[in-house]
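Engineer: Heads up: the protein sequence lines correspond to chains U and P, in order. Counting in my numbering, the first sequence runs from 1 upward without gaps. Counting in my numbering, the second sequence runs from 1001 upward without gaps.
It cannot be assumed that every hint is accurate.
[As the list claims (entries may be wrong)] With a cut-off of at most 25 Å between alpha-carbon atoms, the simulated SDA-like pairs for lysine to any residue come out as follows: (1) P:Lys1056 - U:Tyr95; (2) P:Lys1099 - U:Arg77; (3) P:Lys1099 - U:Val60.
[Said to hold, decoys possible] Cβ pair distances, simulated, as ranges: (4) P:Leu1003 - U:Thr15: 28 to 34 Å; (5) U:Arg77 - P:Gly1052: 39 to 45 Å; (6) U:Asn28 - P:Leu1003: 29 to 35 Å; (7) P:Glu1017 - U:Gly3: 30 to 36 Å; (8) U:Thr70 - P:Pro1081: 41 to 47 Å; (9) U:Arg77 - P:Glu1015: 42 to 48 Å; (10) P:Glu1041 - U:Pro83: 23 to 29 Å; (11) U:Glu59 - P:Glu1038: 21 to 27 Å; (12) P:Lys1059 - U:Thr70: 37 to 43 Å; (13) U:Gly53 - P:Glu1041: 26 to 32 Å; (14) P:Leu1003 - U:Pro108: 24 to 30 Å.
Everything labelled a hint here was simulated from the structure, so no lab data went into it. Beta carbons are placed, not taken as given, at the ideal position from N, Cα and C, and that holds for glycine.
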Amino acid sequence: NAGVTQTPKFQVLKTGQSMTLQCAQDMNHEYMSWYRQDPGMGLRLIHYSVGAGITDQGEVPNGYNVSRSTTEDFPLRLLSAAPSQTSVYFCASSYSGSPTSYEQYFGPGTRLTVT
Amino acid sequence: TQLLEQSPQFLSIQEGENLTVYCNSSSVFSSLQWYRQEPGEGPVLLVTVVTGGEVKKLKRLTFQFGDARKDSSLHITAAQPGDTGLYLCAGRGGTSYGKLTFGQGTILTVHP
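Construct the entire structure; sequences and hints are all you get.
Structural biologist: And the structure:
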């Protein structure tokens, strides 16, 4: 199993440009999430999905869109990039079913710089 | 909004020393997870604690969940350079999805 994969690894955008960060998992996990990581702030949830066709907002959703048409894929769209969106983005998947569930399996991350 | 305060933010120690990282909140969590992250990679789960007062050991790492399920600690005995990394705690609330609240992280550097 490849686990959770993310592309691209690095990206530089100009202010106002749009782009899509790709995320895929091959573990048949129900739940998928997008986080951003900024220095001294841990990980903050952007959007999440509890299954194909179902998405919801997390803590910091503004400026981002998501959709989930399949169990495997959960792309994150930046509509009009801003310098405040410079960050490292992580996709994660998890599954339910026990008290120790919802443990996150993270991808390797995408480092995004907006100039 | 549930918050997790993690301390210390930075820790620089010599090989062989012991250390403790704390994760505190005023909120009750149904479970708490600890992750370790190396530069350029995503976080990797170390352990999940579920029951108040629970203690779990992973080789030289000891994890404890507070009796009231509001706090947790990570203790490393005889730290080694391979322990260097960012340590993150994450608490799960009681919602059906169980969205995680992450602490700010502790950057640990162990010098040979």
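Engineer: Would you mind marking each hint as holding or not holding in the structure?
Structural biologist: Evaluated hints:
1. For the given pair, P:Lys1056 sits about 22 Å from U:Tyr95 by alpha-carbon distance, which is consistent with the 25 Å threshold.
2. Taking the CA atoms of P:Lys1099 and U:Arg77, the gap is about 21 Å. The hint holds against a cut of 25 Å.
3. Taking the CA atoms of P:Lys1099 and U:Val60, the gap is about 13 Å. The hint holds against a cut of 25 Å.
4. Between P:Leu1003 and U:Thr15, the C-beta spacing of about 31 Å keeps the proposed range 28 to 34 Å intact.
5. Between U:Arg77 and P:Gly1052 the Cβ separation comes to about 41 Å, which falls inside the hinted range of 39 to 45 Å.
6. Taking 29 to 35 Å as the suggested C-beta distance range, the pair U:Asn28 and P:Leu1003 conforms, at roughly 33 Å.
7. Under the hint 30 to 36 Å, the C-beta atoms of P:Glu1017 and U:Gly3, about 34 Å apart, fit the expected range.
8. Between U:Thr70 and P:Pro1081 the Cβ separation comes to about 42 Å, which falls inside the hinted range of 41 to 47 Å.
9. Between U:Arg77 and P:Glu1015 the Cβ separation comes to about 46 Å, which falls inside the hinted range of 42 to 48 Å.
10. For P:Glu1041 and U:Pro83, the hinted distance range of 23 to 29 Å is satisfied, since their beta carbons lie about 25 Å from each other.
11. For U:Glu59 and P:Glu1038, the hinted distance range of 21 to 27 Å is satisfied, since their beta carbons lie about 25 Å from each other.
12. Range check, P:Lys1059 to U:Thr70: about 39 Å between beta-carbon atoms, so the 37 to 43 Å window is met.
13. Checked against the hint of 26 to 32 Å, the C-beta distance between U:Gly53 and P:Glu1041 comes to roughly 31 Å, which is consistent with it.
14. In this structure the supplied range 24 to 30 Å holds for P:Leu1003 paired with U:Pro108, their Cβ-Cβ distance being about 28 Å.
Hint compliance for this structure: no hint is broken.
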